[in-house]
Each structure stands twice: as structure tokens, then as C-alpha cells.
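Enquirer: The primary structure of each chain is shown beneath.
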Amino acid sequence: MTTATATPPTTAPRPAARTTSSSALQQSLTLAWRNVVKIRHQPEALMDVSLQPIIFTVLFVFVFGGAIAGDWHDYLTYLVPGILVQTLMFATGGIGVALNNDITKGVFDRFRSLPIARSAPLVGAVLADVVRYATSIVVLFAFVTALGFRTTEGLPAAVLAVLVGIAFAMCLSWLFVWIGLVVRSAGAVQGIGFLAMFPLVFGSSALVAVDTLPGWLQAFTRNNPVTHLIDTIRGLLLGGPVAGPLAWTAGWAALLLVVFVPLAMRAYRRRV
Amino acid sequence: MENTIEATGLELSYGETRALAGVDLSAPAGTVLGVLGPNGAGKTTAVRVLATLLRADSGTARICGHDVATEPDRVRGLIGLTGQYASVDEDLTGRQNLVMIGRLLGLSRPEAHARATELLGQFSLTDAGGRSAKTYSGGMRRRLDLAASLVNRPRVLFLDEPTTGLDPRSRNEVWDTVRGLVDDGTTVLLTTQYLEEADELADDIVVFDEGSVVARGTSDELKARTGAQTLTVRPRDRADLPRVLAVLQQVSGAVPTTDARGTSSVPVPNEAVLGAVFDRLTGQGIAVSELAVRLPSLDDVFFALTGHGAEDETPTDSRQEALA
Chain A
2 MTTATATPPT TAPRPAARTT SSSALQQSLT LAWRNVVKIR HQPEALMDVS LQPIIFTVLF
62 VFVFGGAIAG DWHDYLTYLV PGILVQTLMF ATGGIGVALN NDITKGVFDR FRSLPIARSA
122 PLVGAVLADV VRYATSIVVL FAFVTALGFR TTEGLPAAVL AVLVGIAFAM CLSWLFVWIG
182 LVVRSAGAVQ GIGFLAMFPL VFGSSALVAV DTLPGWLQAF TRNNPVTHLI DTIRGLLLGG
242 PVAGPLAWTA GWAALLLVVF VPLAMRAYRR RV
Chain B
21 MENTIEATGL ELSYGETRAL AGVDLSAPAG TVLGVLGPNG AGKTTAVRVL ATLLRADSGT
81 ARICGHDVAT EPDRVRGLIG LTGQYASVDE DLTGRQNLVM IGRLLGLSRP EAHARATELL
141 GQFSLTDAGG RSAKTYSGGM RRRLDLAASL VNRPRVLFLD EPTTGLDPRS RNEVWDTVRG
201 LVDDGTTVLL TTQYLEEADE LADDIVVFDE GSVVARGTSD ELKARTGAQT LTVRPRDRAD
261 LPRVLAVLQQ VSGAVPTTDA RGTSSVPVPN EAVLGAVFDR LTGQGIAVSE LAVRLPSLDD
321 VFFALTGHGA EDETPTDSRQ EALA
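If you're matching them up, the sequences are chains A and B in order. Heads up: the first sequence begins at 2 in my numbering, then just goes up one per residue. Heads up: the second sequence begins at 21 in my numbering, then just goes up one per residue.
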């Protein structure tokens, strides 16, 4: 190795000591880029989000579809918004595991010793997960279109449906950012994630119409944020009321941000 | 002149464990401060406090006059940190790692690439720059880590056990790099378990044990502090070791220690005992391949100061190993 005779410090472009909000955004985008590059280096990281929509669709449409709806094709139409949201929900959990690994490996020590916004590594991770969400949605639509699924409300509405789903997933992922930071091991993060997701996803309008449920369960299901999100997306893809469920969805999303962003930031500062 | 690194009375506890029990540190600009101590002595904790990753329970620390607790962003702009575990992103290439840091520090894309090229060249990683870091050897990874901590040309560099686990050649490369940086005016705080490393690089050495500084001074001052000289003997035939130990104990009145190679050492007041030892050994017909009196090594110093060896091996253990 040639000895490190660095050029004198005076010639260096000195980074700004203070972090402004525009540089915080730039830093978050750089760290999001890092996560996307990681995915490119190991595409198998996208395996879960690419296979889940197919597995869920096959499972529910062909295994249960006949029994639930009499005809699997009708059920497919009902089910697609539910599967879309379900895959998004399960995709959000990955961020907690990834962050937990980053911290254990010491990569975050480097970030924390740099003069950058404290929030940048977390915001970057949340932004990068859009790639995962988009992948699962693309796979889902390709698969169900091949099976004969068609939207009825036109392309702009369908695009809006996808955007609403991704936006909600980004808000929800802060819950998992927080869990990933407070729980010791990556395995435990995954366990807790599934525990939280199962009642929300299955106790929703994803798989069956809410009126078919017993009364006590209806009370939960009707107030479940996942139900509001699915109803919004169902409206945008297949027709039906949109404004009401969208308002509820936005409210829940805002609540998730207000609660879990500060919690996650506090946990991040405290985590050694 | 004010010291570049100045810490006073740092205390920090993890629950019941006192990781730092009132530590003072100082290093003038352009010098290397060696922090020497066994595992668990509090070296890494001290570095993490100085690098703004941890907040001390009490005490103050200043880097170039900026308080690490109240002006952490200013401090972060001045420092570079290379952790005990090379904190490079294994899934990224060497170049991507460096570009990422440059972009985070506010360099434009071309500037970040130019700086990455420069550093890759400096650390002999030009050819490996396009490969993902997980394919790197331990030495390459450590060099990349070091390069990453230099992207912003820090005035103060923290190296937390930079050569742990490296082969001798890579270790020498890291040492050369550190010397080059210090020549350019960088102030370095280096933690190490290797007395040789502190001896080679550090202008001043502080010895840590159980969260406290138990000694400080230059390498020579620390060696002088133990006072005594050391007599070392290595019998040609290992089977003679018990008899050698007996002779050493008779002459010096102290309990000798033996290293893994079968060299026994014992503190002696002066070189006059050399003759007595030689006479007794030859009298018993013991052939020796090494017999010397030398000034104490930092190992001896460490033992004298803390009551245990730097590698956390008690002398009894090593003697038993040698006899086994």
C-alpha cells in the first residue's frame, strides 16, 4: 500500500456543519439509494414480496374460493384489493429486520458519527422499501390479470389505488422501524411483526364481506384501518364509495406517523 | 495551546457496570494518543463518548474546543471513526461505500466519485473498488473502513483496535497509513490491546483497566516506571524448564513466568545476577539457547500496573501451558 499522504486539509470541500432540511432530504435519498443498491446486489431479497402475492392468490382463490363464493372467478375479483393490501402489510415488516441487522453489524455507528440528520438513516430505509412494495404490486397485477382480473374504474383510478396503498405502507412501516430498534434480535422483530399483522390483516374486509362476520367481530373489523384501506382500494379498482374510506385511511396513516415517528426517533437516539 | 482531544472526568455506567470511572484524556494536535488495555477495560466506551455515539453520565469532552455533548454536529464534522468491527456495508462495492459517505457529507456526485477514486488508490483498493465488500479479505475490509472514515478529511481520527485480527503485513500497512496521516497533522486516538502497537505508534500512552486510567506517559516513561530489569532464559531442551524455573527463583527470590515458546522471565534488580544464573545453569548441565537481561517491555509494565497480563492471562496459566 502506498502510504496515505493525504492532500492538505485546506483543499478539502468541507461539508456543512449544520444539517438543513434540504440536506436532510438529500441524505435520506442517499441512504435510500444504498438500500436499493443492496437489493440490486442480492435480488433474492425481493423473493418474499414477489412470491407472497402469488401464493396468497392461489391459496385463497383456488383453495377457498369455491367454498366462499361458489365461483373462483367472482371471488378473484373481490379478493384482489384484499391481497394487494395484505402483501403490502406483510412487506412492511421487513424494514424492522433490516434495521436490526444494520445496527448489529455496526453500519449505523458510521452513520451516527457523520454530521448528518439523525432521521436520515431511518427515512432512507422507509423510502427504499417503496421498491419492495412496487415489486409486490407489479407481480400481483401481472398474475391476476393473467387469471382474468380486470379493473372497472380506469387506469388513473388504478394508479391512485396503488399510490394510496404504498403511502399507507410507508406510514405503517414506522411501526416496524420502532419495533426493529427496540427489540434485540432480528428474529424477535419478525415474530412480533407477524403477531401484529395477523389480526389486522385477517380481521378485515380482505377476504370476506364484513356483514358475514359475527357482530362482535364486525365491530373490530369495521374500525380496522386495514379495512378502510382495502375499501378505498376496492372502490378505486372496482367501483364503490371512495371518499369516506379514503378519509379514514388518511386519518389512520397520520396517526401512525404522529405516534411512531417520534417513538422510532427516540429509540434510535437511545440505541447504543 | 489547547489540546485537540480533551476529556475530563468521564463517567458512564451500564446499569451496575461502571464502564468509565472518571477518565481524563488529552492529546495535542498532530499526535497519537494510545489507549491501551485488555478487553472490557472501557476503551471502546471512551471512544464512543468522544465520537458522540454515547453520552457520558458526567464529565466533559471537547474535540478541537467543541463539546461532544452540546455541539455533537460540529464534532461529527471534525472526526473520523473506524470501529472495532469494520463498519463497511458488505453488500455495496468498495467504491459505492465511499461514494455514499461522500454524498452524505454533501459532496456532489462527481466530487464524491473523485474522492472515492483518490481514496481507493491511496489504500490500494483501486482494482477491488468495483467488487462488493463481502468478497474482501479482512485487511482489505479494514482498509476500506479506514478510507471511509477519511472521506471528510477529519482533523481527529478515532481508531478502535484498527489491527485486531489482521495479519502482520496488513497491520504494517495500517500503521504506515496512520503515520502518514499524523505527518499531515491529523490527531489520532488509537485503542489497542497490543503493547507493540502502542509502542510503535503512540506519542503518549494511557493504560486503561476497569474503566480507569491506571498509568499515562510515553512508552519510555512507562517502561522506566517498573524500574526493574528482566532476566530471560530459554533452555534448549524444554524438559529442563522446571529446573530453570527453580534456579531463577533461587537467584531472584521472585516467581518466574514462562511464555508459550518456553522462555522464562523474572524481574531482577540489576545485571549482576546474570553471572550467578549462568554458573548455576552450567553447573546443572542445562544448555540454554537464550539468556539475557533486558529493560522491561510494555507487557511487563502492563502486568506491573494492573496485576494481570494484557491478554488477560494470568502468569500461572501461561506457566501451566508451557509445562503441559
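No lab work stands behind these hints, which were simulated from the structure alone. Backbone N, C-alpha and C define an ideal beta-carbon position, used for all residues, glycine too. Heads up, some of the hints might be wrong.
These stretches of chain A come out as covered by chain B in the derived footprint (C-beta under 8 Å, 3 or more residues) [what the hints assert, rightly or not]:
# : segment
1 : 25–35
2 : 38–46
3 : 112–122
Partial chain B-side listing against chain A, Cβ under 7 Å, derived [said to hold, decoys possible]:
#  : residue
4  : 71
5  : 75
6  : 78
7  : 146
8  : 147
9  : 149
10 : 151
11 : 319
Here are the simulated BS3-like pairs of lysine-lysine, each with C-alpha atoms no more than 27 Å apart in a straight line [stated by the list, open to error]:
#  : chain 1 : residue 1 : chain 2 : residue 2
12 : A       : 39        : A       : 106
13 : A       : 106       : B       : 154
14 : A       : 39        : B       : 154
Enquirer: Among the hints numbered above, which are violated by the structure, and what are their numbers in rising order?
Expert: 5, 6, 7, 8, 9, 10, 11
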